[in-house]
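Let the sequences and hints guide you as you build the complete structure.
Top line first, the protein sequences correspond to chains Z and F.
Take the working numbering: the final residue in the first sequence is number 577, and no numbers are missing along the way.
Take the working numbering: the final residue in the second sequence is number 1154, and no numbers are missing along the way.
Be aware that a few hints might be false.
Here are the simulated lysine-lysine pairs, DSS-like style, with alpha carbons at most 25 Å apart [claimed, not checked]:
#  : chain 1 : residue 1 : chain 2 : residue 2
1  : F       : Lys725    : F       : Lys699
2  : Z       : Lys309    : Z       : Lys333
3  : F       : Lys795    : F       : Lys1091
4  : F       : Lys1121   : Z       : Lys544
5  : F       : Lys721    : F       : Lys703
6  : Z       : Lys378    : Z       : Lys309
7  : F       : Lys1133   : F       : Lys838
8  : Z       : Lys126    : Z       : Lys148
9  : Z       : Lys464    : Z       : Lys544
10 : Z       : Lys386    : F       : Lys951
11 : Z       : Lys312    : Z       : Lys289
12 : Z       : Lys291    : Z       : Lys224
13 : Z       : Lys309    : Z       : Lys291
14 : Z       : Lys374    : F       : Lys963
15 : F       : Lys1121   : Z       : Lys530
16 : F       : Lys1107   : F       : Lys598
17 : Z       : Lys544    : F       : Lys1107
18 : F       : Lys963    : Z       : Lys378
19 : Z       : Lys386    : F       : Lys955
20 : F       : Lys963    : Z       : Lys386
21 : Z       : Lys309    : Z       : Lys374
22 : Z       : Lys289    : Z       : Lys152
23 : Z       : Lys3      : Z       : Lys126
24 : F       : Lys1031   : F       : Lys1041
Simulated from the structure, these hints should not be mistaken for laboratory data.
Computed from a prediction, not measured in an experiment: that's the story for all the values here.
Number of protein chains: 2
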Amino acid sequence: MSKILRINTRTKEFHFEELGKYLGLGGRALTSRIVLDEVPATAHALSAANKLVAAAGVLTGTIVANSGRVSLGAKSPLTGTIKESNSGGQFAQKLAKLGILAIVLEDKPEADAPFTNIIITKDGVKFEAADELIGLGTYASMDKILAKYGPKTGTMLIGPAGETCRMAASVQFSDPEGRPSRAAGRGGLGAVMGSKKVKAIVLDDAGCGMLPAADPEKFKAAAKRWAQILLGHPVTGQGLPAFGTAILVNIINEAGALPTKNFREGRFEHAAAISGEAIAETITKRGGKVKHGCHTGCVIQCSQEYVDKQGKYLTSGFEYETVWAFGADTLIKDLDDIAMLDRTCDDMGMDTIDLGNALAMAMEAGIVPWGDGKAAVKLLQRVGDKNDSLGRIMGNGTGFAAQAFGVDRVPVVKNQALPAYDPRSVKGIGVTYCTTTQGADHTAGYAVCQNILKVGGDVSPTGKEGQIEISKNLQIATAAVDSLGLCLFVAFAVLDNADGVPCIADLVAALTGKPYTVDDVVALGVACLKDEIAFNTAAGFTAKDDQLPDFFRTEKLMPHGTTWDFTAEEMQAAKVS
Amino acid sequence: MSKILRINTRTKEFHFEELGKYLGLGGRALTSRIVLDEVPATAHALSAANKLVAAAGVLTGTIVANSGRVSLGAKSPLTGTIKESNSGGQFAQKLAKLGILAIVLEDKPEADAPFTNIIITKDGVKFEAADELIGLGTYASMDKILAKYGPKTGTMLIGPAGETCRMAASVQFSDPEGRPSRAAGRGGLGAVMGSKKVKAIVLDDAGCGMLPAADPEKFKAAAKRWAQILLGHPVTGQGLPAFGTAILVNIINEAGALPTKNFREGRFEHAAAISGEAIAETITKRGGKVKHGCHTGCVIQCSQEYVDKQGKYLTSGFEYETVWAFGADTLIKDLDDIAMLDRTCDDMGMDTIDLGNALAMAMEAGIVPWGDGKAAVKLLQRVGDKNDSLGRIMGNGTGFAAQAFGVDRVPVVKNQALPAYDPRSVKGIGVTYCTTTQGADHTAGYAVCQNILKVGGDVSPTGKEGQIEISKNLQIATAAVDSLGLCLFVAFAVLDNADGVPCIADLVAALTGKPYTVDDVVALGVACLKDEIAFNTAAGFTAKDDQLPDFFRTEKLMPHGTTWDFTAEEMQAAKVS
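Right, here's the structure in full:
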């Protein structure tokens, strides 16, 4: 039976704990339950009272395709809400195989204490000085980590942004090649890790095997069914492997919902130049890789290896939202500049969505010219200098940068920057931005499915009808998926396949040897959301916080001429109760 | 009859308006009513939808002693609440004498539009380019304004902090000598003025007389009674004229409530060196002025002219809270350094309380050593360089600086920094910090009276009993005083004199020619608070926001060993309903 590993970051004491009351949970459901139960909702997010939880999902550590997501949870310094941010990479599978369902980082060292690396093997937990990594980007840090601990280790680590507790700091995760290209980007959890003076957690699962299933035959059969469901859907089986998530650039631009120049327009004249098709063409021409899996066991392979003009690796996990944030939203049209901005965020350990929007704030204020990718890269690199005050500002994200620069056009909900879909023209996702427990977040209830992609239903994107229902159902499904340790992209296939959720239930039942039904999957998601809402309520959030900035109401978005017309009260029905 | 002057800052159109539904209001009651009625509660504070209201009080422009306060109101960029911040200086009396009860600055120019000065005389309103003042400190700006518009004008203006929309930017007001030493400091209203691209409003009341009273004889008699009430009380008649408000340094230190080193201790070992007594001695020795009135008609004269070693003027309005913020809270013990920090805030146009606390945040982060006054002055002067990012950070106040520096010990309520009384040892003021509509603010309900000074009652400062009642009653009384245009210090005398409030009622009745009773005074305060609560509720504030940071609960304050032990819910009774 997997255990919870509690680590006191001040005293360097640790112990393994039975799951106890947390039995049956995993991933997001587990991180959120622990945060709700153990972190005072009014605590400062960077104080000793906060905890950073890293959890494997219910299905992680097994042969189940795309089950390698790791959930990070804490009170967010960016939003003040509870936060779960999950990531691919090698960490989750190795964690589960080490017999650890979750690591809980507790307390915090004195302000002048040195940083520590935590090394976990089947033989135990070691603390080592992190001095030689401090101030380094995550790429250089990973080189040293791989050299020291071996190429088969899996690592979560922070960059300079996290070390200095910037509110938009990510936690990065190593991919199968040992590159820190995967991120739990949103909500500043890297700052929480930095406040606890932990630079990296390195997992070495040598000598550990897959988690054993209670019913191996049934489990194997269900896992095979599961892989076929994923491979059989046009999005997960064809679209994502061929073009990655940036396939959405042209689609969302065509839909008139690609936020351009800080959400002023719904179409970007240079969309084609930064599209998934253009990325794939560029990669192919230069000899990079169009397909790449972020973790062992991924059958979707939406990632890639984007290379520069000389064919040298530049970045992976070059997502649609990143391409948008550093492209259309800031009017940058040079793909290499955008790729360099993505790499810079991974290297400094920062969320690309909040940094892209923060860059737009800097452009609004004239700090950097609109569309100037080279200047943008230089600006973001400044976050790496801990004494650079402009770097401090940028590293703290969109809302903070807007305040620093006196900008009043600030696309945030609960201080988290809006992602790549204008809510005036994709209203289902707008409902999610407003009502999710996480601050503006597209992954929390990806209504782009029904609004634009026509996966799992067909709801007109510009009207109000049906949006609350699809957002609510997707929020529940997402919470379940995030708790199981599954990649969210499985949802495309699951929404369109009647056997999707039953197959998931069969997987859990065969793994645990206990009955598990479709209703249990739904209940897992609902319970998770209830926990998160309870925390946020205790922290002081109300319906009034579930709203977009006023300019979405007052400014029409072209080409459709739509405005945001939901009241906060209307949308409350999108939240579980 | 006085009028409201509305100015569109984008189109430069203006018009005078009858009071209409605003008849009977003045000062804070008027600014808050206008903001409630006309500013959307969810608007961005720096957007065109916000309005900046400058209002004279009900009794302003008359012979009534200490009736020269001006109220500024808007939605606060610092707190997100409604905000009223009032100031002495010459502005209010001249405004009233010009027949203007309030100026309402509306809309906002384009981001690249130049700044304007607004000149108001009995003949009308003129807009003039402010180019030659931009980037200048308020002292240098005032020199040019006096040279151009004459020494008898009265001015409200912003410094570089306001021009660049820093969230802790004040609006400064000229005193009888034409120095910009008076401030509406709190809540960042200077940023609102800056967002509207107005550098200064200059009033020339040449040719205008006092406001006529409906019953001149009764008015004159009541005004005489009023002056005698003020002069007859030991605080307003003796203590404040002799030592200014800094007389409190030794008193609050003795009470164990002088927050020291970012609220770690209740006593400062160098309190005597920065006390009102030390200030008076220094001024006397150097040939400055111990007594000084901030506006014509002040009989209390709590201000002073603090001079440097060469006897040259350095600052006025050198208040207890400023001395504390730049003294005990940051461990600076050199009075000249503290005076220079006060002057720097006045010159840059920044709130001393928020900047003092922000300086403590910088010290927590090691940006400046604790106690280093010279380095502190240099740091604050950086706010004057609009491109200096460390200046941007400091100018945005305590909460912002803490986030920029990753500090988790942040003494704010609703993002406004705590003033000079530790709420663990003066619990009545703690109730006010939490429950006032304004964010942490001592003036909104100065329970130090009953807790420490034993004026208007005697309530033990360290217990819970009686605190809610005194805070509530003081909040109502203060709202009335702020609406009448009276200096808050009249409260010392009024609380101890049974004829205090009746005399105020008689003054209003004789001025307006309509019946006005003690109940009407109370009703004025209650209505004002209700308006403010209504705005804040619409903006999304709840009881959860009425609370101190967690460290006040968890850390005992020495020497009394007290913690903050009110729940947010308990304190709701301190709010009018």
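Evaluation of the provided hints:
Our distance criterion of 25 Å between C-alpha atoms is met by Lys725(F) and Lys699(F), whose separation comes to about 17 Å. Only pairs whose Cα atoms come within 25 Å are accepted, and Lys309(Z) paired with Lys333(Z) is accepted, the gap being roughly 16 Å. A distance of roughly 12 Å separates the Cα atoms of Lys795(F) and Lys1091(F); the hinted pair therefore holds under the 25 Å criterion. For the hint pairing Lys1121(F) with Lys544(Z), the CA-to-CA distance comes to about 13 Å; that is within 25 Å, so the pair holds.
Of the pairs offered as hints, the one joining Lys721(F) and Lys703(F) holds, with about 17 Å between alpha carbons and a cut-off of 25 Å not exceeded. Distance restraint check for Lys378(Z) and Lys309(Z): the Cα-Cα separation of roughly 20 Å lies within the 25 Å cut-off, and the hinted pair is therefore satisfied. Among the hinted pairs, Lys1133(F) with Lys838(F) is consistent with the structure: their alpha-carbon atoms are about 14 Å apart, no more than 25 Å. Between the alpha carbons of Lys126(Z) and Lys148(Z) the distance comes to roughly 14 Å, so the proposed pair stays at or under 25 Å and holds.
This hinted pair checks out: Lys464(Z) and Lys544(Z) have alpha carbons roughly 19 Å apart, not beyond 25 Å. Of the pairs offered as hints, the one joining Lys386(Z) and Lys951(F) holds, with about 23 Å between alpha carbons and a cut-off of 25 Å not exceeded. Distance check on the hinted pair: Lys312(Z) and Lys289(Z) sit about 11 Å apart at the alpha-carbon level, within 25 Å; holds. At roughly 22 Å between alpha-carbon atoms, Lys291(Z) and Lys224(Z) fall within 25 Å of each other, so this suggested pair holds.
For a cut-off of 25 Å, the pair hint linking Lys309(Z) to Lys291(Z) stands: about 19 Å separates their Cα positions. With a C-alpha separation of about 23 Å, the suggested pairing of Lys374(Z) with Lys963(F) holds against the 25 Å cut-off. For the hint pairing Lys1121(F) with Lys530(Z), the CA-to-CA distance comes to about 19 Å; that is within 25 Å, so the pair holds. At roughly 17 Å between alpha-carbon atoms, Lys1107(F) and Lys598(F) fall within 25 Å of each other, so this suggested pair holds.
Proximity of Lys544(Z) to Lys1107(F) is assessed by CA-CA distance (about 19 Å); at most 25 Å being required, the pair is judged to hold. This hinted pair checks out: Lys963(F) and Lys378(Z) have alpha carbons roughly 20 Å apart, not beyond 25 Å. Between Lys386(Z) and Lys955(F) the alpha-carbon distance is near 20 Å, which keeps this suggested pair within the 25 Å criterion. A C-alpha spacing of about 21 Å is found between Lys963(F) and Lys386(Z), which places the hinted pair at or below 25 Å, so the restraint holds.
Restraint check for Lys309(Z) and Lys374(Z): the C-alpha separation of about 16 Å stays at or below 25 Å, so the hint holds. At roughly 21 Å between alpha-carbon atoms, Lys289(Z) and Lys152(Z) fall within 25 Å of each other, so this suggested pair holds. Taken as a hint, the Lys3(Z) and Lys126(Z) pair is honoured in the structure, with Cα atoms around 17 Å apart against an allowance of 25 Å. A distance of roughly 17 Å separates the Cα atoms of Lys1031(F) and Lys1041(F); the hinted pair therefore holds under the 25 Å criterion.
The earlier numbered hints are all upheld by this structure, with none contradicted.
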